[in-house]
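Q: As you go down the protein sequences, you meet chains L and A in turn. Those letters in the first sequence? Residues 942 to 1578, by the working numbering. Those letters in the second sequence? Residues 542 to 886, by the working numbering.
Just so you know, these hints were derived from the structure itself, not from any lab. Bear in mind that the values here come from a model prediction, so they are computed numbers and not experimental data. Every clue listed holds true.
Calculated cross-link-like contacts (lysine-lysine; reagent style BS3-like; alpha-carbon spacing at most 27 Å):
no. : chain 1 : residue 1 : chain 2 : residue 2
1   : L       : LYS1321   : A       : LYS665
2   : A       : LYS627    : L       : LYS1327
3   : L       : LYS1327   : L       : LYS1404
4   : L       : LYS1321   : A       : LYS543
5   : L       : LYS1229   : L       : LYS1081
6   : L       : LYS1327   : A       : LYS665
7   : L       : LYS1475   : L       : LYS1229
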Amino acid sequence: MGLVAGKKLFSIMALCAMIGLLLLPIAVSLPTLAMGADAPDAVKKDGEAKVEKGRDVYYKTEGIVAGAPAPKTVDGPRDYPRYNFESRVLLWFANQQHLYYGSFVLAVPIFCMVIEFMGVVTKDKAMAKRYDQLAYDFIKISLTAYSLTAILGGILIFTFLTLYPAFFGYLSSIFRPVMHIYALMFVAESGTLYIYYYGWDKMREGFLKWIHLSMSVILNVIGTLLMFLANSWIGFMMSPAGVDEQGRYLGNIWHVIHTALWNPLNVHRILGNMAFGGGVVAAYAAYKFLASKTDEDRAHYDWMGYIAMALGVAFLIPLPFAGYWLMREVYAYRQQMGITLMGGLLAWLFIIQATMIGILFLSTNYYLWQALGRMRGAEKYQRYIKYLVFVLCCGYLVFITPHTIVMTPAELKAMGGQQHPVLGNYGVMSAKNGGINVIITTTILSFVWYMRGNKVSTVSWSKFGNIFMGCFFGCAYVNIVGLAVLGYYIPANVRVGLSVPQVATTLSCLFFMFALNSFMMKGAKQMGPIEWGKISARSQYALIMLATAFTWMMGLMGYIRSSVRLFWHVNEIMRDNSPWAYTHTVGFAANMISFNVLFFWISILFVFWLGSLGIKKAPVEAKAGVPGGAAQPAGSH
Amino acid sequence: MKALMSVAALIGAVGILLLAGMIVDIIPSNTVRLVEGYMPMQVLFELTLFVAGFTGLSYMLGSMGMAVPRFWQGILFWSFILLYLKYRVYPPIPFSVRAMYGTVSLIAVFMWVSANEEDWKKFKQPIMNILDAQTGANKLLRYAYLVLLPILIGGFSYNAMVPKSEEPIELRTVHPAPPASTKVHGKTYTLQTSQNPYRVNLEGKFDQEYSNANIVEQGMGRLMKPNANPWDKDAQGYLKYVREGGEIFFQNCHFCHGDNLNGRGLHAFAFNPIPANFTDPGTIAQLQETFIFWRVSKGGIGLPNEGFPWASVMPPWEQHLTVDEIWKVILFEYWHTGYYPRTWD
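Isolated chain L (complex conformation) (with noise of 0.2 Å):
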């Protein structure tokens, strides 16, 4: 009973200190704000005469200058000391390992956090110890790709300093005050990340465990804050904000961290991190199923394979809506922006992008009809998959189709024109919002199709039920396309309207059809087991794809928002004066980013190696839950 109380009394001590950590930052960053709001007014106290304003360069309100202009560098040792190496390509090495780390660190505590609960409310004991068992495994391996994450972050900032102290010393002097804020953030971001690690075994039952759950709530809120302050500064370095025409600081910190691309671009890398993450935990499960010698083993990992793809996919979903609703911003902060990204000088780059999401998705299909293959009586399903390939591809043909295209001057003669009639309409945002969504809904009906595979609804209703999702379904094609056409006769301001009701047609799938198909399937007839592991190897190698995917897509696209900059370190307000300040070729772009990916897949392959040592050393016991041919994993899907 003592024990039991003093167990309670640890973990409740626990999460006061988190929450104590937590509020740390924002204890200390309150004298800080204040200090740097009146400081002008200190200014002004010590006489009228040097008191002068700037009107902020986007908010367009009067501040009270209390920074110095950005520096105009020059090319030379002072501004931009340097290796005998392109010093821009040392610092995008850097930071893509820092990001990439640094993204996984944050996902993986989100899924931690998402399959403890569900090991919570699961009422199946033997489910709840698995789901546990495998949040844990999670959380092993994200602490060690955590130092990593500090070690490079470390890098990133000598790199900084080394390379380029004329423009981070600026960067510096404007974020100064929020700066210690995020390095204490980091510090409780690692204090509750070891208590939430380390009191795992101490808080396994009952109101303890809800107290650790707590714990990764905390845990999350600290990552996500860090992140939008890691943001904040990117965000400042595209659309600047809270600084004059000088970029001389004018007192208000939320101007300058809230910036015109600042929301769009905290939506973006949640969900990205998150759909990351699952992409690179279902490539360790693939590669630990090829790998596994045993039916224990390889159950296990289809499972947990199944699962991450799963978590990721749902991030996936909605994070081409939020790209759209990022682009959107960044037109409308600056056409010129704008279109350099979608139909300038980084076009192509975008088709790239667009052929990367269009791999993602089939790459998920794919898997998603490779698992029909371990539920008997999925069979029925299998033989119409060739119809869902031929909808899948059509959209995705359209939604690569470039607007820029690369021909030879003799192929430019022979189309009679830079605009050719059928790839000229595939090749604009109308069309490829109706392919990306024709995409999505695709994806939908194949997870509705797995979700039923082994299954035969009892429900009374379940022939209407059935017609009725085919209608819904069939009318949100229509409804997709429609809207697609439609898009060509109506006036650009509409047009990009029209992406919200194609968008709601797309999530009315995902919600209803998912909410509905729960329905028809409660208490279904089950026509067999879901034989975990029994699954093809090739659908382990689609879970590979679907990470490189990811990886390759993450590096492109941030790419493409630091060289939307073009030759400015902030845009319009510091320019960039070292002799890299060009635009990579697209090739060069493609190698560099393919050297990235490969580098972080042997790095992070490493952390896994020392992750399996742990497991190796663990009590027989922790493996007490894996999963074999009997168990169901009722709540899995």
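With chain L held as given, fit chain A onto it using these hints.
A: What follows is chain A alone, placed relative to chain L:
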């Protein structure tokens, strides 16, 4: 079911014959015409019909005991898509796009034939038969492949590496990013916020909605709306300025951009690329009026670095037209094509 499949099979057979006829030039390529404006949906519709047709053909042949092996189904379907893209769609699709489409089709075929274990086994069977080489014929084939495949790969490599006299591929930027502002006739215009001063209603006030309501209608051809005829002598406001813009267009621009604004004017084919086709949804329909204002004013010579390879001979019209004339001609271009300029509100 059988009747349905028979119809589908008939469609498939007719489609294949038509395409084959077009490839060997027995049947004119415009026998079943692709209608401009409807082509994008027509192509997708045709492909859907073909898929239905092939399903029917496969079903019928199977029921007659002449089923085509899955391996050959996959190969034939992929070949069909490649031929369709090359010979059916006109004007010809550049190789880079056909390569993308061909790759996606190949992936699609792979996904189809390997969607389940049974199909995958069927698909692999001929390959496995050759590799196992249990019969004399298969042994012979295996040796043939052993010789032919390296020759084929060598041929591709040689073809890729051999120096060619063709002009190199150009990654032309269709819409280079505009500057934040442009100076024309001594006045600076901010591209993000400037507006066409002639987009006005009958009271002379700027009115986007009013002008949008009076552009020509798109459909089978472009038709003027009732009571929206700029050439009516009583036309006022927006329509009057459209008429004036039209006069400027036909005095200066139509020689290259064509009287239908489709980039096929009298002199158009002296240039490569031919002038921009304003009726295409990828040109002015995607842009703000201020972008057009900047391009018309500065011409090809004013293209920024991003506009590489600067393949435009359009004169800088600021040297020939007033600011008002430029705005009016832009007004006319949007009116005539039935497109709306991009706006953000």
